[in-house]
Amino acid sequence: MAAMDETLSSGHRGKPIRCRAAVSRKPGEPLVIEEIIVAPPMPHEVRVRIVYTSLCHSDITFWKMKDFPGVFPRILGHEAIGVVESVGEHVTEVAQGDTVIPTLISDCGECVDCRSAKSNLCSKLPFQISPFMPRHETSRFTDLNGEVIHHFVSVSSFSEYTVVDVAHLTKIDSSVPITKAAGLLGCGVSTGVGAAWRTANVEPGSTVAIFGLGSIGLAVAEGARLCGATRIIGVDVNQDKFEIGKKFGVTDFINPADCVNKSVTEVLIEMTEGGADYCFECVGIASLVQQAYACCRKGWGKAIVLGVDQPGSQLTLPSYDVLHKGKTLMGSFFGGLKPKSDIPVLLNRYINKELQLDEFVTHEVVFEDINKAFDLLIEGKCLRCVICMNTVS
Amino acid sequence: MADKVTGGSSRGKSIRCRAAVCRRPSEPLVIEEIIVAPPMPHEVRIRIIYTSLCHSDVLFWKIEDYAAAMFPRILGHEAIGVVESLGEDVNEVSEGDTVIPTFVSECGECRDCKSPKSNLCSKLPFKSSRVAPFMPRYETSRFTDLNGEAIYHFLSVSSFSEYTVVDIAHVTKIDSGIPLTKAAGLLGCGISTGVGAACRTANIEPGSTVAIFGLGSVGLAVAEGARLCGATRIIGVDVNKDKFEVGKKFGLTDFVESANSGSKSASEVIIEMTDGGADYCFECVGMASLVQEAYACCRKGWGETIVLGVDKPGSQVSIPSKDILTTGKSLIGAVFGGLKPKSDIPILLNRYINKELQLDEFVTHEVTFEDINKAFDLLIEGKSLKCVICMDDQ
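In order, the protein sequence lines correspond to chains A and B. The numbering of the first sequence is the numbering used here, which starts it at 1 and goes up by one. The numbering of the second sequence is the numbering used here, which starts it at 1001 and goes up by one.
If we strip away everything but chain B, and leave its shape as in the complex, we get (with noise of 0.2 Å):
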């Protein structure tokens, strides 16, 4: 195991460190050593403290058939750590900073970055099919496994490994005064993907109803979101029945269980129960006939269907047309809760040191580098919230 290398020896040099890397899909990672250059100009170098495994780590470490499908490479999106050292023309941080890497950008200089209609960087586009196995700038790999053969990053963050190199439009300083919590990175993708879907894309209204199909960490934050928000009836939706005593604590009202609610669907159910619908309803699982019954079962005159979940490559949703035109409702996606990173982050931050926002509930798991694989284990089996791999000792 590498020690914890400071800038100061290893400023511009490359770092051999361990890696949990993904040789071939559905295969166990694999610890080994690697090598990670140093960051080169608008980049880098973050030591991570701890990251978590997402749904979407798990999406493409299984996938084969895709252009996304690209092999080895290095997953993890959802981290906290503290910059080793800096390429050129890097001013927003320093040496021993508390970062939080994220899979979307913000140059803060294009008309999206400037505008507070939209958290999707025109700079540095999130690049879509191939979930961005490059370095975005100058696509390139910082990572060489030890034979030489360059490993594929991932979503701009490649969050495990001991060493990771990301763009600093990808980059959120923490600050100082904050502690580097375990739950802390978990703002990194899934609990500001909900919270901020919540919060920012549905704007929810005090007094309003909202239904949630899909409580993993992304459906519990948008009902922690809604609660925050003042919504008084938070309807979840879910095949796994455990999940509304656990979803009690983000705020659920009401359970409806899916493929279990006999002749009527999930959406029926809630039209019913809502006496013709959710104000808000979000999907939180990536299947596009859930995005279906969610837009079947927000009430029309002003319903909103918001879609979080990642679906495989190549789905497609399907809509009556005259439900699109009669029915008033209107069908919204969001990627990480339509929230700006290097401005959002930092607050729900504040709310969590505030107590207001709740996080560390989210961290049901622990586990060690070495271990990693349980967390895809723990996910797969729908045992675990977010279990949180730390990757150093201390």
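Just chain A, with the same shape it has in the complex (with noise of 0.2 Å):
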């Protein structure tokens, strides 16, 4: 590894890079390490060497996808924290040696999305789980048999190195070190942490309920909790769930397995005397997006979606409760935040102990071991895995 890393800094520029990476060729199969090349970054493109990368719920959700958008063979991932090995033409955002998180949706600083406050949602690279580089919609991936190896969501971090465009990378200030807990605000705290923060600018002083304790969910009470909130009530299977929940601020815990005569939407509205101000759906279930919105305070309550359903789900919500509770329905993606002015704003606050990121990490393993970190997730025995990309530490 040292010895590649040498030959790489001086001087693959322009050049394909011969690399390991985690493909998963075919549905729910382990992912296979094998060499594969990188093409050099087309313009606006950047070539990114990773150093930490983390599994996320999405890239299972779509490693075991067998119709589109399921794509094989590809490479998954989109949780990451690396380091700039080359640039495309008309790149002067970020150079060769910074460190950058790359993530799943874009932030062009250009169009009306990018330059209005009230969205993340950038129109000119706008979010797809499209197989290939967004601006040039083509692969910079091959196997060694020339065959073409799709991307994932514009990140694809299981591979030591991978093609990002400019517009899906955040520059991170030198000063900050590349920890194993950085990556996570790639994808998953900084989507939970957003949600509370930004999307339902929780106040102080609120009554927060969060439907599913994953490190989505826990982000969202992280982020309650630095909102203030007084009450922070987690719903999970996993009765585990409520003392590590505990460290993130969960207040109250409801397991769904107790709910004998009555169900949880009764049991939350009762302990709090009428529903709470923010309901979080953080699994990706209708049943449970309806149940966060019954839970939800009449007059003024928020219903908030963070969690990835299957491809084609509908959510049905009773007419009658629509127009006469004034609740209000909406969805977080990426926590609403904008990745460039918002992810190292997160990070200071994480340098600086107020917001907590290694709390998130509870397993490492190195890439060869890649597919325990699969195992770990499926089995709800892990908060976050950090896979760690080089020996060289």
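Worth flagging that the hints you see were computed from the coordinates, not collected in a lab. Watch out, some of these pointers could steer you wrong.
What the hints assert, rightly or not - Chain B is faced by these chain A residues, among others (derived, beta-carbon under 7 Å):
{"hint": "1", "residue": "D113"}
{"hint": "2", "residue": "L121"}
{"hint": "3", "residue": "L144"}
{"hint": "4", "residue": "N145"}
{"hint": "5", "residue": "S319"}
Glycine included, each C-beta is placed from N, C-alpha and C at the ideal position.
Since each chain sits alone in its own frame, please combine them into the complex, following the hints.
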């Protein structure tokens, strides 16, 4: 590894790189660590050496998916931190050697959405579960047989090297240390913290309910805690999540398995005397979104959806409730955050020990053992399992 | 016909007067004499001067299969009147005061009434499934017919009667300086709902683009509110082309004829003409499919879809989960435009008196009480905006 590093720093610029990647070749089957070829970055693109990456449930959703937008072979992974190896033409924002966090959403800085404080959904490079690079609609990955390997949400971090559009890349100040946890801001923790802080704008003294205490849900708790919520109720079928959740500010816990005579909704409405001010759905199941909606307080309650459901899923709500309860239903994508401005803010709060990030990292594996990360997450045994790409730390 | 009764002679006694009673679903209302009991504590007996028909009256007039189908019933919930007498413990209004009764309550004391963020009073909550067939505090009726049979109330107002009894939490006092015009009572429901939805629920910013599905009185009131908020583009969607001309009065700048856009749905047309969607979309009909269309054509990133229309009980709205998560849109429901009646109706009335807010323009027809069924025909045939029913010869 060290030898390859030297070779690369001295000049693969403009040339393909041969490196290892964890390729998803068939739906639901273990990733295969194999050598691939990574083409040089085209204009507006950046080739990045991944240092740490982590597994998110959305990777698993698309790993299992047999039909489009599931595609194979593919390099999954979208939560990571790395170092710029080389840049394509017209890239001035970052330079070789910069620390960067790639993100599934873009931030071009120029379109109406990027310039508006109210939106984080860049219009110039809109979000898609695309198998290709956003601007040129081609792949930078080929296997040793010359066959195209597909990208994943413009990141593809389960590879020693990847190519990312500069709009999908956030530069991290060189003074910020590349820790194992920092890359979590590429997706999960930013999504959760942002949902509480930016999308919901939780006020001090609020009551918050969180359905699903995976990393996203716990990040919502962390965000709500930082916003001064006084009551943070976690709902999860895994009793262990309560103890874990307390670290991130969870004050109350409901296990649906314990709700025998009453529904979760009834229990929650009772304990909050009418419902929570904000309810977050962090699993990706329509029936839980309905519960979250039912549990938020009439008059001003907001139900915020963060979980990624199966393609084609529909949310159904009684028209009567929609009209008469004065509630709001909204989704939060990447927590409503603009990556290039907000990730550095969150990183600073982490460095200043205000925002907990390290506590989300429960496991580590080396790149060769990446499939263990899948097992751990599927079995519900981890929050974030960080995959360490390079043996040189 | 009962002579106009002043509090002096009838206070504490039952009043015999005329009401338009809905005896069977979808059948013309019957003008008949009824007995109106005196108000109990916290209640007010009101002589109705003007009332108007709203689509919700029509919806519950027709209804047969749901819990809300309760007959005989006195419908009507949009009106203006004068206080005839008070029950005990009523200090807010006096005999002779002009009042507007409302289907939403405002006790002023509960958490919701004290919060600027909610207009859904918890103390006397909106009684959903049966649309308030009784007086809210005692769960009894103040109406009986001449056979002694109880007649159900409606939405805590029941304004299709010369006299009605309303809980004080449902009564907004109107300053005596304000003239009792035919249009003023419209603030009891439809116009407040629309204007409030634009100005309070959505809080439309100047320069916004707005789309309104359904250009009945509520939809046109949304347009009026959006106009007052400084929206620069107000797109109306309706099956009736004539509504464009009518709508221009209230600020409409563009029109999309739905069900006739050829191969394109109204929402597709709107997305195209606004280059991505409207900032605010309002559903003012009461159809789940239109709510879905409105959601589809509000702009990603910050678009808000506001639901005002009353759908049939049991209806469901269905939206793709992916859209909810990834588009940054909000879906919001609002009752009475998010307004608190006792504080906000007087404000709207003042704007009307100062000729900033158009109200008279919503009144397209007038009928006497005897001809109340004509109001139903006009509304059902889409020929009226608001038909005011004049209760009194004066």
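Hints, one by one, checked against the model:
Here the hint on D113 (chain A) is kept, as its CB sits about 5 Å from the closest CB of chain B, short of 7 Å. Checking L121 (chain A) against chain B by beta carbon gives a least distance of about 5 Å; that is within 7 Å, so the hint holds. The closest approach between the C-beta of L144 (chain A) and any C-beta of chain B is roughly 36 Å, which is over the 7 Å cut-off, so the hint fails. With a least beta-carbon distance of about 34 Å to chain B, the hint placing N145 (chain A) at the interface is violated under the 7 Å criterion.
For the restraint placing S319 (chain A) at the interface with chain B, the shortest Cβ-Cβ distance is roughly 4 Å, inside the 7 Å limit, so the hint holds.
Comparing the model with each numbered hint stated earlier shows that hints 3, 4 do not hold.
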